Amino acid sequence: MLYIIEDAINGILMGSIYGLAALGLTLIFGVLKVINFAHGSLLMVSMYVAYWAVTLTGLHPYIALVLVVPVMFIFGYLLQDIVIKPIFKAEKNVREPITVIIVTTGVWYILDNLTLLIFGPQYRNLEANPLRGKMLELGEMLISVPKLWGFGAAVLTTLAIHLFLQRTATGRAIRATSLDREAASLMGINAYKIYNLAFGIGTAIAGVAAVALVPFYNVFPTVGVLFDIKCFIIVVLGGLGSIGGALLGGIIIGLIESVAPQFMAATWTEAIVYGLFLLVLFVKPSGIFGVKHDW
Amino acid sequence: MNILQKIAVPVVAFSMLAGTSAFAENVKIGNIEPMSGPSASLGQQGKAAREMAVEEINAAGGIKSLGGMKLELIYADSESKPEKGVAEAERLINTEKVHLLTGCWNSAVTYPTTAVAERYGIPFVVPVSVADKITEQGFKTVFRIAAKDSWWTRDQFAFLKDMQAEFNTPVKKLAFVYENGDWGTGFAAQWKKLAEEGGYEVVLDEPYPSTSTDLSPVVQKIKRAKPDVLLLTSNAADAILLTNTLAEYNVQLKAIIGSGGGHADPSFMKAVGKNAAQIFDIGEWETDVNKPGAKEANEKYKAKYGQNLSGEAVDAYLAIYVIADALERAGSLEPAKILEALRATDLSSGPGMIVGYDKVAFDETGQNKHAALVIVQVNDTGNGLERITVWPKNARRAGYTPVFPMAVK
Amino acid sequence: MTRNTLQRLLPLALLATVLCLPLAVRSATYLHIMILVYLYAYLTTSWNLVGGFAGVLPLGHAAFFGIGAYTSTILSLQYGISPWLGMLVGGVIAAAVGVLIGLPTFKMRGAYFALATIAFAEGFRVMVENIDKLGPFALNGPRGLQIPPLNFGLAEMMFSGKEPYYYIILIMLVAVLLLTSFISRSKLGYYLNAGGEEPEAAMALGINVARAKVIAMAMSSFLTALAGTFYAQLNLYIHPKSAFSLDLSFEIAFIALIGGRGSIVGPVLGALLLRPVSDFSRIYFGDTLPGMHLIIFGVILILVMTFQPRGLQEPLTRLYERLLDRLSGERRAA
Amino acid sequence: MILKVEGLTKEFGGLRAIDNLSMEIPAGGIMGLIGPNGAGKSTAFNCIAGVYAPTAGRIFFNGENIGGQKPWDLCKKGLARTFQIVKPFASKTVLYNVTVGSFATCERRSEAEAKALEVLKFLNLHDKKDMLSGNLTIADRKRLEIARALATEPKLLLLDEVMAGLRPSEVDEVVEMIRKIRDSGVTILLIEHIMRAIMALSDRVVVIQFGKKISEGEPAEVAADPNVIKAYLGDEYVAS
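Chains as they are written, first to last, in the working numbering: chain G, 1 to 295; chain U, 1 to 409; chain B, 1 to 334; chain Z, 1 to 240.
By construction, these hints were calculated from the structure, which means they are not laboratory data.
Some hints could be false.
[To be verified] Which bits of chain G does chain U cover? Going by a derived footprint, with three or more residues having C-beta under 8 Å, they are:
(1) 28-37
(2) 65-77
(3) 116-126
(4) 250-259
[As the list claims (entries may be wrong)] Calculated pairs, BS3-like style, for lysine-lysine (alpha carbon to alpha carbon, straight line, at most 27 Å):
(5) B:Lys187 with Z:Lys230
(6) U:Lys393 with U:Lys254
(7) Z:Lys92 with G:Lys92
(8) U:Lys359 with G:Lys134
(9) B:Lys107 with Z:Lys77
(10) G:Lys92 with Z:Lys77
(11) Z:Lys121 with G:Lys89
Please read all numbers here as calculations on a predicted model, not as lab measurements.
Every residue, glycine too, gets a C-beta built ideally from N, C-alpha and C.
Just chain G, same shape as in the assembly (with noise of 0.2 Å):
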């Protein structure tokens, strides 16, 4: 019995950072109603900008977040001026414009190849870690401190994001252009802004994800594709667009992860976790937990 419980407190910590890295993308579905192929390519992009940053200054892990965060929002920002914007642009009439789809994905493309190009294909770990293979022993039960970190990060970015949006004025802005592009820009609201700061915002949200992986993780050009189809899982499970959805979607794929392969093998839980997506899907596309929008 107590297996278990070890089994499912790392499905939960490791779930929560799935969550974590789902909470950008479910933010940006939200708002800009749009699936982001991408994020899995900004995740990676992140843990690489983590990797040097630690590499380079021999900070402590953690310290990376300051400079992550307000790179990665820039990066987000411009990439959604720059890139994507034009597309909504021409497809203003258009409800879910699947030309924005495929922008995105071709942004995954370039990410990942160009990433290969410039660092080449290694593995790349943190070498000077003073978290690497820490473990904190509760009676019988080992617990990594890395994931604890990253659940701690996941609950509290999950919270900072909550009150965000919920108090603050650009905040309730996001909400109302989530809400009704038109009744927004009637407001006075800029839509595209608000798209720009959506982007940026989700993509340090990837930021955030990335340094908790990073100390025990690995670094790799392709890494993103791993962490892409999860996401996608998460926030439908949550429900698109839901904040609080997305903790809990991951935390639900890391117990099935975590706690199913000791009753098969651990290649079924793949098997079982598409399994529970179109079942959700289809008895509940709202998401497990019906909330369509929380915020």
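Once you've looked at the hints, dock chains U, B and Z against the given chain G.
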């Protein structure tokens, strides 16, 4: 007809571009490797090793029986996808008019690609793609330098048996953990057979998706199954993840035996650091191999490409020398003559022979019957972590005693 | 020559040229590239029935492709059934699966539909990867299936040269183009377009939108599966990661959008542009700049979507019309 | 009676949008359905058109209970509707739009197009048949909306605020158009805010408020009904 001209112009232009090299007087060797995509790291090592061999051969005067003809390498990116490999083989043979092909590292790519070469009668030298079936298709044009997977697994078990005797430490319970692609599942099938024959108890038989982002659950399973020895087949990302996680959960084992691949990737040791210590891995070659020229070759390679030669890279390096040797004897670029020469290969010396075994000669299926494997242990004897050859015993690095069972960390 | 005759003659001339192409292009490489162009044009045209006419974004057509490839291959390997027959069986199975997938998913909107289809296709891949034997059928899990190149001949759909493959896929492409252009002018085509653009209005006009889409899905998945068989016979090897490849699903959608979604010529134009660009850029950069070809691919996607969101079909059609004007005008003057 | 609604009730999550509504529409006439904003007009309309299944009550169309049937089936039976917010197939031509409608009663495209052209001529849209419907003016879009519905050859046509947002001169044109449609033998149920049009067109008017019918009769009767005045203007305007 205007439209057609518009289409035809770029096609013709492309074909001219592609055709320019046809006039140069070189032996053209087409190489299909994963240059991008998930196995890019291995493809690029193979490319570097081939380049080094070709430079050496050309600098030494090329193929003398062909009037000093130079070797020329032409690369094609398979992205680890079979259909791309097939298309590239078609192109290399038909457009680039290559005389030989090598590749493709991923067995899933090599397998259908060799069929293309067979159809055109073009010699295909496979440095390393371990799936047994590659040389078991009845093809006449395929030659494999490295051992096949049934030999890898056979040697892993032979090693295990020898170690038990040498250190008087019995091993009863085995755990198999492997990536769920054709490579891992192929190995696991062999392991199961060997375990049964050897009277071992298999306490865990666990395939995992190589796209896993968290392997803690698998490690937990290993821990609870309490095996004596863990056998792994992993790609680089998952080998790193598994090794670190095993250390985190403090899993106590008598031995961990890798199967090359991710465990042999140069980034592996760098990425896992001391967690790699005492892991065994099987491979074709090690930097400490007791062969003339091996050390020099490695140093040259390291200076050039910034990492040690891996087993995979050495196979590619040797493959070029095997090809050069065959060309020298064939004295012709006729595919039939090259094939004949390859079949008659009996290479036991030369710069390429830095491998652990003494000879390259192919059996009727095209498998190098002398291919043998060495088992190394990753350890630090004062010079940082390195791969130290421990098996077979006659190849063991002088003065090194393997750690078996693994020390409690 | 009048504009009308010219308009009728040009496609015929094009067809004749395409038919004679293997006589001029002796290189198997270029034939292979052309075969892939036709294959992707065929796949995209089949996809277009749902993705273009019905206005949704399916990103999981690899599922049908894989079903087609596996069905015919298993039937021919284990039971000696000709791939031609296996092709139809695979098509029927794929159509049934398409209906099963379509019934629930067509109720979903944009993003959900796209994600659901991805999940279906990936789910299929995972299943095939994990299953060695499905009842009496050996799927062979991740190791895939190889077709030994032994019995060449039309009945076996296996040839030593490229030309027969070229003609088979060309015929398939022409047939599917005729079929879609017929459908686009039929009641079903009108209904699909209407349902795709404004589902509520379409329903009020007597259209059972979900049914029309499911019919389109059945046809589309049937046709896609046929291409799967062709692919298996062309490469003589299939495994889950290639036959159920997510990249394939995406590439089909890219070609459609680049060429022009919902138009008849769009998929052909898209394939004619994207396939050679990706092949040639891989050939020329694969060696020195690994990954460069995918960067180029990405840049093209972004540029076309930015400047021609309706696809290249629009400006190219205009160009073609002008060409017709010019040609007929000159003739008349002479 | 071409349409007979008996005790129609529709609830959304406990909220009663339509409460026990009954009404009858004789064949061949124009019936107006009015009420203040949020009175439940559109909900009633959507129940009749098959968008919502009624919570309770029955709807008879030509003597058949059609409650809960799907919109596309109802359309085939001769019940067509327009949308308050027009929904043209914007990337397609006017002719294409109308042809979609006329396919409801035939299979062949040539036949459907011929019928569509007839409808376009009937509604004076013929000269715009090759325009993209997305490029039409609001007035023309409203006309296209009617044309499409008419092309399905309905017996009963439900018009949902087809005059909203039009200039007075355009309203007059539409009024004429609706008369013309009625004269061709189509029964019409009209939701409208523009009282002038309702009064001019309707044979009978039903007024609803809070989902309940509060008045019914000829236009002049209804206009004088204190209940109606109260509903629209509030209590203080009712002369007691």
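Inset, instruction - Identify every previously stated hint that the structure contradicts and give their numbers, smallest first. - result: 1, 2, 5, 8, 10 and 11
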